[in-house]
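Use the sequences and the hints to build the structure in full.
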Amino acid sequence: MHIITREFYQRDAVLVARELLGKLLVRDLNGSLLSGMICETEAYLGEMDSASHAFRGKTTRNSVMFGPPGKAYIYLIYGKHYMFNIVTERENIPHAVLIRGILPVKGIKQMRLNRDSSTGNLTNGPGRLCRTMNINQSLNECDLTSGKDLWIEEYLCIPSKNILSGSRIGIEYAMQNDKVAHRRFWMRYED
DNA sequence: AGCACGATCTGA
DNA sequence: CAGATCGTGCTA
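Residue numbers (the working numbering): 408 to 598.
Certain hints may be false.
Unchecked claim - Derived DSS-like pairs (lysine-lysine); straight-line CA-CA distance at most 27 Å:
#1 516 - 487
#2 487 - 465
#3 555 - 487
#4 487 - 586
#5 465 - 586
#6 555 - 513
#7 568 - 586
#8 513 - 487
#9 516 - 555
Claimed, not checked - Restraint-style ranges between C-beta atoms, simulated for each label pair:
#10 582 - 520: 40 to 48 Å
#11 440 - 483: 23 to 31 Å
#12 543 - 438: 13 to 21 Å
#13 467 - 576: 38 to 46 Å
#14 486 - 409: 31 to 39 Å
I should point out that these hints are in silico values taken from the structure, not numbers from a laboratory. C-beta: ideal position from N, C-alpha, C; glycine also.
Take a look at the structure:
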């Protein structure tokens with residue numbers, strides 16, 4: 408087991424978003440572990456990106472994004488759902504990667520308990536992912552390199568040819584160029 | 001202090 | 001395709 412270190416996160420969000428695919432997201436709930444392989448991510452490129460929370464500069468909510476990389480940026484959206492992001496790039500460069508999808512690896516039984524509907528889908532969408540992994544506002548600013556509560560481990564290495572990309576979800580308000588840019592990444596399962 | 005709105009999800 | 005639901009950020 409090898410926890411991803413700060414250097415990994417201290418790079419452009421697009422690079423980090425691509426390389427997070429195949430890695431293991433681990434949640435420690437008082438010693439019982441939940442984990443899932445990251446299979447969908449989105450990169451948000453800070454003050455240059457009209458879809459990013461950091462587009463209009465630093466606020467109380469997004470201040471974590473302006474800090475050191477490797478920390479969790481978590482916020483509530485639509486009054487219902489938590490979104491889990493990882494801060495990337497150097498201090499004062501507010502890049503982040505939104506984790507949109509995982510494939511459950513460990514603790515599926517607990518994940519089933521955490522979910523609130525009976526659709527059969529455990530982790531589809533960034534909101535339900537947080538619910539099933541028990542990720543909430545209390546983990547905002549959590550250091551993902553400390554091996555406490557929440558972290559990322561090496562797992563699979565996904566070759567570039569098996570990484571697909573497309574435009575990001577839910578950013579209708581953004582400028583056209585940011586809307587169409589391929590900053591969402593997921594994995595190809597066929598050969 | 002008030003108000004508009006969102007990196008979603010559900011169910012009709 | 002509308003509605004839930006509430007913290008945040010902007011304006012006054």
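Q.
Checking one constraint from the list: CA of residue 555 to CA of residue 487, max 27 Å. Satisfied?
A. 26 Å, holds
Q) Is the distance from the Cβ of residue 582 to the Cβ of residue 520 consistent with 40 to 48 Å? A) 41 Å, holds
Q. Are the Cα positions of residue 465 and residue 586 separated by 27 Å at most?
A. 22 Å, holds
Q: Could you tell me whether the CB distance from residue 486 to residue 409 stays inside 31 to 39 Å?
A: At 38 Å between Cβs, range holds.
(Q) Assuming the hint says 13 to 21 Å, is it satisfied by the Cβ distance from residue 543 to residue 438 or not? (A) 19 Å, holds
Q. So the hint says 23 to 31 Å: do the beta-carbon atoms of residue 440 and residue 483 match that?
A. Given about 25 Å between the Cβ atoms, the range holds.
Q | Restraint check for residue 516 with residue 555, where alpha carbons must lie at most 27 Å apart | A | 22 Å, holds
Q: Take a look at whether the Cβ-Cβ distance between residue 467 and residue 576 falls inside 38 to 46 Å.
A: 25 Å, violated
Q) Going straight from one Cα to the other, do residue 487 and residue 586 come out at no more than 27 Å? A) This hinted pair holds, its Cα atoms lying about 24 Å apart.
Q) Are the Cα atoms of residue 568 and residue 586 separated by 27 Å or less? A) 24 Å, holds
(Q) Run the distance test for residue 516 versus residue 487: straight-line Cα separation, threshold 27 Å. (A) Cα-Cα ~23 Å, so holds.
Q) Is residue 487 close enough to residue 465, meaning Cα to Cα at most 27 Å? A) 24 Å, holds
When the structure is compared with the earlier hints, a violation turns up for hint 13 alone.
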